[in-house]
Structure formats: C-alpha cells, structure tokens
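Residue numbers (our numbering), protein chains in the order written: chain A, 88 to 366; chain B, 106 to 289.
Read the hints as simulated data drawn from the structure, not as lab findings. Treat the hints with care, since some could be wrong.
Claimed, not checked - Chain B is faced by these chain A residues, among others (derived, beta-carbon under 8 Å): (1) Asp133; (2) Ile134; (3) Gln154; (4) Ile196; (5) Val197; (6) Ser198; (7) Val201; (8) Asn267; (9) Cys269; (10) Gly323; (11) His357.
Unchecked claim - In silico lysine-lysine, DSS-like type, Cα no more than 27 Å apart, as pairs: (12) B:Lys286 with A:Lys316; (13) B:Lys125 with B:Lys240; (14) B:Lys125 with A:Lys125; (15) B:Lys111 with B:Lys162; (16) B:Lys246 with A:Lys204; (17) B:Lys113 with A:Lys204; (18) A:Lys149 with B:Lys240; (19) A:Lys194 with B:Lys113; (20) A:Lys185 with B:Lys175; (21) A:Lys316 with A:Lys245; (22) A:Lys254 with B:Lys162; (23) A:Lys125 with B:Lys285; (24) A:Lys149 with B:Lys162; (25) B:Lys221 with B:Lys175; (26) B:Lys286 with A:Lys202; (27) B:Lys224 with B:Lys289; (28) A:Lys125 with B:Lys289; (29) A:Lys362 with B:Lys175; (30) B:Lys175 with A:Lys204; (31) B:Lys289 with A:Lys149; (32) B:Lys175 with B:Lys246; (33) B:Lys289 with A:Lys117; (34) A:Lys316 with B:Lys175; (35) B:Lys289 with B:Lys111; (36) B:Lys286 with A:Lys254; (37) A:Lys316 with B:Lys285; (38) B:Lys240 with B:Lys113; (39) B:Lys240 with B:Lys153; (40) A:Lys194 with B:Lys145.
From a predicted model like this one, the values you see are computed outputs, not experimental measurements. Cβ coordinates follow ideal geometry from the N, Cα and C atoms, glycine included.
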Amino acid sequence: MREVDYNTIVDSVARLCMEANYFLGDDVVKVLNRALEKEESETGKDILGQLLKNAEIAKTEKIPICQDCGFAVVFLEMGEDTHVKGNIINAINDGVKKGYTEGYLRKSIVSDPVKGKNTGDNTPAIVHTTIVPGDKIKITVAPKGGGSENMSEVKMMKPADGIEGVKNFVIDRVTRSSSNPCPPTVIGVGIGGTFEYVAFLAKKALLRDIGQRNPDPFYADVERELLEKINNLGIGPMGLGGRVTALDVFIEVHPRHIASFPVAVNTNCHAARHKTTII
Amino acid sequence: MPEFIKIKTPLSDEDVQSLKIGDSVLITGKIYTARDAAHKRLIDLIEKGESLPLDLKGQIIYYVGPAPTKPGYVIGPAGPTTSGRCDPYTPVLLSLGLKGMIGKGVRSKEVREAMKKHKAVYFAATGGAAALISKNIKAVKIIAYEDLGPEAIRELEVENFPVIVANDAHGDDLYEEGAKKYRK
Ligand code: SF4
Numbered sequence: 088m089r090e091v092d093y094n095t096i097v098d099s100v101a102r103l104c105m106e107a108n109y110f111l112g113d114d115v116v117k118v119l120n121r122a123l124e125k126e127e128s129e130t131g132k133d134i135l136g137q138l139l140k141n142a143e144i145a146k147t148e149k150i151p152i153c154q155d156c157g158f159a160v161v162f163l164e165m166g167e168d169t170h171v172k173g174n175i176i177n178a179i180n181d182g183v184k185k186g187y188t189e190g191y192l193r194k195s196i197v198s199d200p201v202k203g204k205n206t207g208d209n210t211p212a213i214v215h216t217t218i219v220p221g222d223k224i225k226i227t228v229a230p231k232g233g234g235s236e237n238m239s240e241v242k243m244m245k246p247a248d249g250i251e252g253v254k255n256f257v258i259d260r261v262t263r264s265s266s267n268p269c270p271p272t273v274i275g276v277g278i279g280g281t282f283e284y285v286a287f288l289a290k291k292a293l294l295r296d297i298g299q300r301n302p303d304p305f306y307a308d309v310e311r312e313l314l315e316k317i318n319n320l321g322i323g324p325m326g327l328g329g330r331v332t333a334l335d336v337f338i339e340v341h342p343r344h345i346a347s348f349p350v351a352v353n354t355n356c357h358a359a360r361h362k363t364t365i366i
Numbered sequence: 106m107p108e109f110i111k112i113k114t115p116l117s118d119e120d121v122q123s124l125k126i127g128d129s130v131l132i133t134g135k136i137y138t139a140r141d142a143a144h145k146r147l148i149d150l151i152e153k154g155e156s157l158p159l160d161l162k163g164q165i166i167y168y169v170g171p172a173p174t175k176p177g178y179v180i181g182p183a184g185p186t187t188s189g190r191c192d193p194y195t196p197v198l199l200s201l202g203l204k205g206m207i208g209k210g211v212r213s214k215e216v217r218e219a220m221k222k223h224k225a226v227y228f229a230a231t232g233g234a235a236a237l238i239s240k241n242i243k244a245v246k247i248i249a250y251e252d253l254g255p256e257a258i259r260e261l262e263v264e265n266f267p268v269i270v271a272n273d274a275h276g277d278d279l280y281e282e283g284a285k286k287y288r289k
C-alpha cells in the first residue's frame, strides 16, 4: 500500500484549479485559430479574435480566462493500492479552497440551493471517484461555468428513437441554447446507462481534447456529422450569426436497460477547462 | 477588422438611434455594473417610491460579476453574464431613461419592445473574453450594495470598451438576423 501525503493532494488540486482557469488548452487555441480562418461573418471573426487575444493575456498575466471560474468538478481515479493520510475528499476540498483563494478566482458556490449564501471559497467540489488498479492517483479538475451548464439537458428517450432520435435531440438542444452558452461551444453527449449516469457520461465526454474522436468508428462518424449540422445552424460566435457554432462534439456511451434510452447533452463553452495530474 | 464606431457616455437619443445591429462599437466614459440581484433591489426602491443610488438617464448598465482583483490591478476579469436574468426588471429601468445595456445572450420580447419605445440599445460583449475586456476598464468605484460582493453596483470608467450592437432602437435583432443569414 502506497501512502500519499494529505498536503500533496491539497497542493496538486490548488495548482490544477489555477492552471485550468489561467491556461486555455493548446487544443482549444488551435481550433479557435482554424475557426477564425473558416468564419465568414465579420462580427464572428472579431469575436474569435478576441477569444484568442483573451487567452494570450490570461496566460501571460496568470489571470482567469473568464470571470466565471466555475464549479470545481473533479474526476478522481484512485489506485486501489494507494492510501491518503486523512480523507482524500477533504484534501480535494482544501485544495479547491486554496486554489480559488490564492489564485484570485471567483467563488460562485451557494451553500444551500434554496436558503444558502455564497460559501466564500468555492467549495464543496463535485467529486466523481473511480477505483482503478495500481497505486497511482489521477486527478482532473474541470471548472464548469454556469452559463453553458444551464443549457444542458437529460432526456429519457425510447429505444425505438435510435441514433436519429439522439441526433435530433442534440440539434434541438443546441438550437434552443442559441447565444446563451457563449458559442463557440463544445458539446458532450451521453447515451445509455441510467438517468443519473447518462449525465455523468456527457460531463465525462467534455474531458476529451478537441479532435479526439470516439474509438468506435460508428460514434466517431456521428460526432463528425453532428458537428457539421450544428455549424450549419448559423448561430455563430456569441450567437450573432456565423459559420462556427461549436468546436467539437464528443459522445460517450454505456450499456442500457432494455426499456430505457437515456440521452444527455452537457454544453460547455470555449473555456473548456480541464487539467490533469498523476500522483 | 471591422470598422469601429466610437461613442461616449452618457448617450443621447440621437446616439442611440444612429446605431444599427451588427455595428462594432467602442464605448468610452462611465458605465454601471448590475446583475439580477442589484436589479431586484433597484426595482424594490422604485416600487416604494424611493430614490435610486444612481441616475439612470442616458446611462449604460453592464451585466457583470467580476472575478477578484489581483494586487496591482484595477479590476479582475470582467466579461458579460447572461442578460436574460435581468429581463423581468429591464422595461422599468428603460422607462426611467436607461439608454444602453451590455451583456450576453438574447433578450425577451418585452425588453425589445420597451427598447423600441424608449429608444435604447443592447450591446453584446464577448462572453469568455473577460481578461481582455478588463484591460479597457480604467477605474472602478463601488456605488451601492457592497454586501452583494461581485454583484454590487460599480461605476466603471471605460475606454474603448468593445461591443457589438445586438438589438437596436429600431426593433432589429442580430441574434435572429445573423443566424438566418448563415443558416444552411
Ligand atoms: S458560459 Fe463559459 S465563457 Fe461564457 S461566461 Fe460562462 S464560463 Fe464564461
């Protein structure tokens, strides 16, 4: 059994919170540059140019890309031969607190959904834990903005709706989201599992780097087709019209019950933040 | 590069009426921040017949809740938040002389009608370009509701603050027109 120190987790999580908020992924920068070439609308080009300049400023000055520094969503892969002295969930929350406070990140979490006040340190984090073989701990911090999260949805479809039903639902969801999630967006789609698991799949899909296709050629084709259809909607950067509405579409699937066909769309903005470390 | 129209606050009816959807505009002067929580308090005061902490005539409200200010900075990253949350309160503010709003995302039919009636303009700023936008903010002063933290009403001194006219005083809507133009 490998022992990992509590503070190692705290410091790693704090660093990931800051890095995710300051440094837009190279994959996103690359695709924004390509989008700038593809965009036909002058307004759209202006906006895409601003997003690229913004990323550059945030990176050099170490300030957040967006004022909404997100809900700290943490994906934890815990090697079964590892042990953290103290409680790992507490360590993650202490890391979030440290990262958001020392990193000048905005705190956006309300303690109780109805009666609450701002917790003041952006905790608690949402932690998704998986137990894996080995003695390593893999932590991904994916801060999630509210504007795009609000444009997400789960639908319990009928098995007979099939893949065409999924496509229609995704296109309909993106159409209704219009300008709200700060397009260009990244779209995560979950298919299968149960009501709660399909939403997790859609969230997990957002951890992929731009351009990384589903390993199953069938779903990879659907991803390509959906991206093209979304970009033909004309919504464009910030919803003001243009060729580039989404930067990518990622599908994650899971076995389902014979009677159910859950589908989820989790919308992300260009600030597709996620940083990973292995301890 | 689009051609920029430069405007100074406060805005006159003529300023507002000269702007058309799709115009790229650079704003200089004082603008005021308020999100839905601050809007609600303003409306409560109006309903009670009390005076407001700011005179809305000719002014622009920016829907924003900035990130904390790093030492040595004027303000933290300060990009637009979703305007729709302020829609229920906006027509009343427009009737009191508010001339402009900056935010992101579509407005309700009621807001668009009130804009036409009272001659006002809605500007879209680039959501997610918060670090860049903060560079155009030169001074910040809290003028009301400090207890709301990032949602307090602040007076911002801005210089060449970049926005796009999304809804004009003539009733045109770039969200609708733009998507129609590029739909395949
Ligand atoms: S949707 Fe994304 S880019 Fe837009 S304000 Fe929210 S976090 Fe920022």
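So, going through the hints one by one against the coordinates:
1. Interface hint at Asp133 (chain A): satisfied, since its Cβ lies 5 Å from the closest Cβ of chain B, which is below the 8 Å cut-off.
2. Interface restraint check: Ile134 (chain A) against chain B, minimum CB-CB distance 5 Å, threshold 8 Å, status holds.
3. Among the interface hints, the one on Gln154 (chain A) holds; its C-beta lies about 4 Å from the nearest C-beta in chain B, closer than the 8 Å criterion.
4. For Ile196 (chain A), the shortest C-beta to C-beta distance to chain B is roughly 13 Å, which exceeds 8 Å, and the interface hint is violated.
5. Interface hint at Val197 (chain A): violated, since its Cβ lies 12 Å from the closest Cβ of chain B, which is beyond the 8 Å cut-off.
6. Hint status for Ser198 (chain A): violated, given a least beta-carbon distance of 14 Å to chain B, over 8 Å.
7. The beta carbon of Val201 (chain A) comes no nearer than 15 Å to any beta carbon in chain B, farther than 8 Å, and the hint placing it at the interface is violated.
8. The restraint placing Asn267 (chain A) at the interface with chain B holds, with a minimum CB-CB distance near 5 Å, inside the 8 Å limit.
9. For Cys269 (chain A), the interface hint holds, since its Cβ comes within 8 Å of a Cβ in chain B; the closest pair sits about 3 Å apart.
10. The interface hint given for Gly323 (chain A) holds, since its Cβ lies 6 Å from the closest Cβ of chain B, which is under the 8 Å cut-off.
11. With a least beta-carbon distance of about 6 Å to chain B, the hint placing His357 (chain A) at the interface is held under the 8 Å criterion.
12. About 16 Å separates the Cα atoms of Lys286 (chain B) and Lys316 (chain A), which keeps this hinted pair within 27 Å; it holds.
13. In summary, the hint linking Lys125 (chain B) to Lys240 (chain B) is supported, as the alpha carbons are separated by about 26 Å, within the 27 Å threshold.
14. A C-alpha spacing of about 25 Å is found between Lys125 (chain B) and Lys125 (chain A), which places the hinted pair at or below 27 Å, so the restraint holds.
15. Of the pairs offered as hints, the one joining Lys111 (chain B) and Lys162 (chain B) holds, with about 20 Å between alpha carbons and a cut-off of 27 Å not exceeded.
16. A threshold of 27 Å between alpha carbons decides the hint, and for Lys246 (chain B) with Lys204 (chain A) the separation of about 24 Å falls inside it, so the pair holds.
17. With a C-alpha separation of about 38 Å, the suggested pairing of Lys113 (chain B) with Lys204 (chain A) is violated against the 27 Å cut-off.
18. Between the alpha carbons of Lys149 (chain A) and Lys240 (chain B) the distance comes to roughly 14 Å, so the proposed pair stays at or under 27 Å and holds.
19. For a cut-off of 27 Å, the pair hint linking Lys194 (chain A) to Lys113 (chain B) is broken: about 33 Å separates their Cα positions.
20. For a cut-off of 27 Å, the pair hint linking Lys185 (chain A) to Lys175 (chain B) stands: about 15 Å separates their Cα positions.
21. With a C-alpha separation of about 23 Å, the suggested pairing of Lys316 (chain A) with Lys245 (chain A) holds against the 27 Å cut-off.
22. Only pairs whose Cα atoms come within 27 Å are accepted, and Lys254 (chain A) paired with Lys162 (chain B) is rejected, the gap being roughly 48 Å.
23. Between the alpha carbons of Lys125 (chain A) and Lys285 (chain B) the distance comes to roughly 18 Å, so the proposed pair stays at or under 27 Å and holds.
24. With a CA separation close to 38 Å, the supplied pair Lys149 (chain A) and Lys162 (chain B) exceeds the 27 Å bound.
25. With a CA separation close to 40 Å, the supplied pair Lys221 (chain B) and Lys175 (chain B) exceeds the 27 Å bound.
26. The straight-line distance between the Cα atoms of Lys286 (chain B) and Lys202 (chain A) is roughly 45 Å, outside the 27 Å bound, and the hint therefore fails.
27. Distance check on the hinted pair: Lys224 (chain B) and Lys289 (chain B) sit about 34 Å apart at the alpha-carbon level, beyond 27 Å; violated.
28. As the CA atoms of Lys125 (chain A) and Lys289 (chain B) are separated by approximately 15 Å, the hinted pair is consistent with the 27 Å bound.
29. A threshold of 27 Å between alpha carbons decides the hint, and for Lys362 (chain A) with Lys175 (chain B) the separation of about 22 Å falls inside it, so the pair holds.
30. The straight-line distance between the Cα atoms of Lys175 (chain B) and Lys204 (chain A) is roughly 24 Å, inside the 27 Å bound, and the hint therefore holds.
31. Between the alpha carbons of Lys289 (chain B) and Lys149 (chain A) the distance comes to roughly 40 Å, so the proposed pair goes past 27 Å and is violated.
32. Under the criterion of a C-alpha separation no larger than 27 Å, the hint pairing Lys175 (chain B) with Lys246 (chain B) is consistent with the structure, at around 16 Å.
33. The hinted pair formed by Lys289 (chain B) and Lys117 (chain A) meets the criterion: a straight-line CA distance of about 25 Å does not exceed 27 Å.
34. Taking the CA atoms of Lys316 (chain A) and Lys175 (chain B), the gap is about 42 Å. The hint is violated against a cut of 27 Å.
35. Distance hint between Lys289 (chain B) and Lys111 (chain B) is unfulfilled; the C-alpha atoms sit about 34 Å from each other, more than 27 Å.
36. Taking the CA atoms of Lys286 (chain B) and Lys254 (chain A), the gap is about 23 Å. The hint holds against a cut of 27 Å.
37. In summary, the hint linking Lys316 (chain A) to Lys285 (chain B) is supported, as the alpha carbons are separated by about 15 Å, within the 27 Å threshold.
38. The straight-line distance between the Cα atoms of Lys240 (chain B) and Lys113 (chain B) is roughly 18 Å, inside the 27 Å bound, and the hint therefore holds.
39. Restraint check for Lys240 (chain B) and Lys153 (chain B): not satisfied, since their Cα atoms lie roughly 38 Å apart, outside the 27 Å limit.
40. Using a Cα cut-off of 27 Å, the hinted pair Lys194 (chain A) and Lys145 (chain B) holds, with the two alpha carbons roughly 21 Å apart.
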